[in-house]
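Enquirer: Each chain, written out:
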Amino acid sequence: MNHQTAISIFIVEDNFLYTYMLESALKEHGNFKVTAFATGEECLELLDNNPDIIILDHLLGKGMNGLATFKIIHSRKPKIPIIILSCQTDAQVAIDTMKAGAYDYIQKQNYSIGELEKTLLKAIRGN
Amino acid sequence: MLKSESEKDIQKNTIIEPVCDLTYLSEMTGGKKNMMKAIMDVFLKQIPEELQSITDGIAKADYLVIKNYSHTMKSSVSIMSISILIPILKEMEDLGAKATDLDKIKQLNQQLNLICNQAIREIEKEKLNYI
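Each protein sequence line maps, in turn, to chains W and A.
Using my numbering, you'd call the opening residue of the first sequence number 1 and step up by one each time.
Using my numbering, you'd call the opening residue of the second sequence number 1 and step up by one each time.
Calculated from the structure, these hints are not laboratory results.
Here the structure is a predicted model, which means the values were calculated and not measured.
Wrong hints could be hidden among the right ones.
Said to hold, decoys possible - With a cut-off of at most 25 Å between alpha-carbon atoms, the simulated BS3-like pairs for lysine-lysine come out as follows:
id	chain 1	residue 1	chain 2	residue 2
1	W	Lys-27	A	Lys-127
2	W	Lys-99	W	Lys-118
3	W	Lys-27	A	Lys-33
4	W	Lys-122	W	Lys-27
5	A	Lys-90	W	Lys-99
6	W	Lys-33	A	Lys-33
7	W	Lys-27	A	Lys-37
8	A	Lys-32	W	Lys-118
9	W	Lys-62	A	Lys-98
10	W	Lys-62	A	Lys-90
11	A	Lys-37	W	Lys-33
12	A	Lys-106	W	Lys-62
13	A	Lys-60	A	Lys-104
14	A	Lys-90	A	Lys-60
15	W	Lys-27	A	Lys-32
Just chain W, same shape as in the assembly:
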């Protein structure tokens, strides 16, 4: 995979403020092309664009929930690594999702942008 071009990231998160912060931080920090979706359905519509990686909130408030979205993405695109986002109080659900095949999970507020970048790059490289 040649990453001279920007790394394509899909963010699926229904909280606009959180998405805005994450998207701003990623674009500022590295060579990332971010596409954000507020619902799982919107993400699935563009899944054939084959992003390099997907960051998915495990609990989406509107439409299909995070777990259902995860299962569909994972079955259609098993090679695309998925990072699960969770709140501090939702760790168990995130861990369960990871056991179902997500690459990793991160707890909101408990990671730095540098750590997130390392996790993203590691996942994309497949190790």
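Place chain A on chain W using the hints.
Expert: Frame of chain W; chain A shown alone:
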């Protein structure tokens, strides 16, 4: 059980200590003031909308709305590290999921509004340093 000063303050409907901590936001943005200010602007717009949605949900006894907005607010407040709100929102989310105890939800919502209003004042004041 001993309560923290902040918990005592909430019971008295007053909060003296700052509730926001911008360390996380600063780290995520690399301390870039224009980016921090832009995120603060979104926070100041979004939080009142989320509070109103929860209050509307309570008025209609719409537990699904209460659950969903309590959940999403955990993400919103985490950006400003308003950690005192996390257990309150978690309890509201859990009660919303169980569709029970609207009186307790109302009580928690009062605390939520009190703390959020203080957070808004803190961020509005802090934002003046980023212009």
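Enquirer: All the hints need checking, so say for each whether the structure fits it.
Expert: Comparing the hints with the structure gives:
no., hint, result
1, Lys-27(W) x Lys-127(A), "22 Å, holds"
2, Lys-99(W) x Lys-118(W), "21 Å, holds"
3, Lys-27(W) x Lys-33(A), "15 Å, holds"
4, Lys-122(W) x Lys-27(W), "18 Å, holds"
5, Lys-90(A) x Lys-99(W), "24 Å, holds"
6, Lys-33(W) x Lys-33(A), "22 Å, holds"
7, Lys-27(W) x Lys-37(A), "16 Å, holds"
8, Lys-32(A) x Lys-118(W), "21 Å, holds"
9, Lys-62(W) x Lys-98(A), "18 Å, holds"
10, Lys-62(W) x Lys-90(A), "18 Å, holds"
11, Lys-37(A) x Lys-33(W), "22 Å, holds"
12, Lys-106(A) x Lys-62(W), "23 Å, holds"
13, Lys-60(A) x Lys-104(A), "15 Å, holds"
14, Lys-90(A) x Lys-60(A), "20 Å, holds"
15, Lys-27(W) x Lys-32(A), "13 Å, holds"
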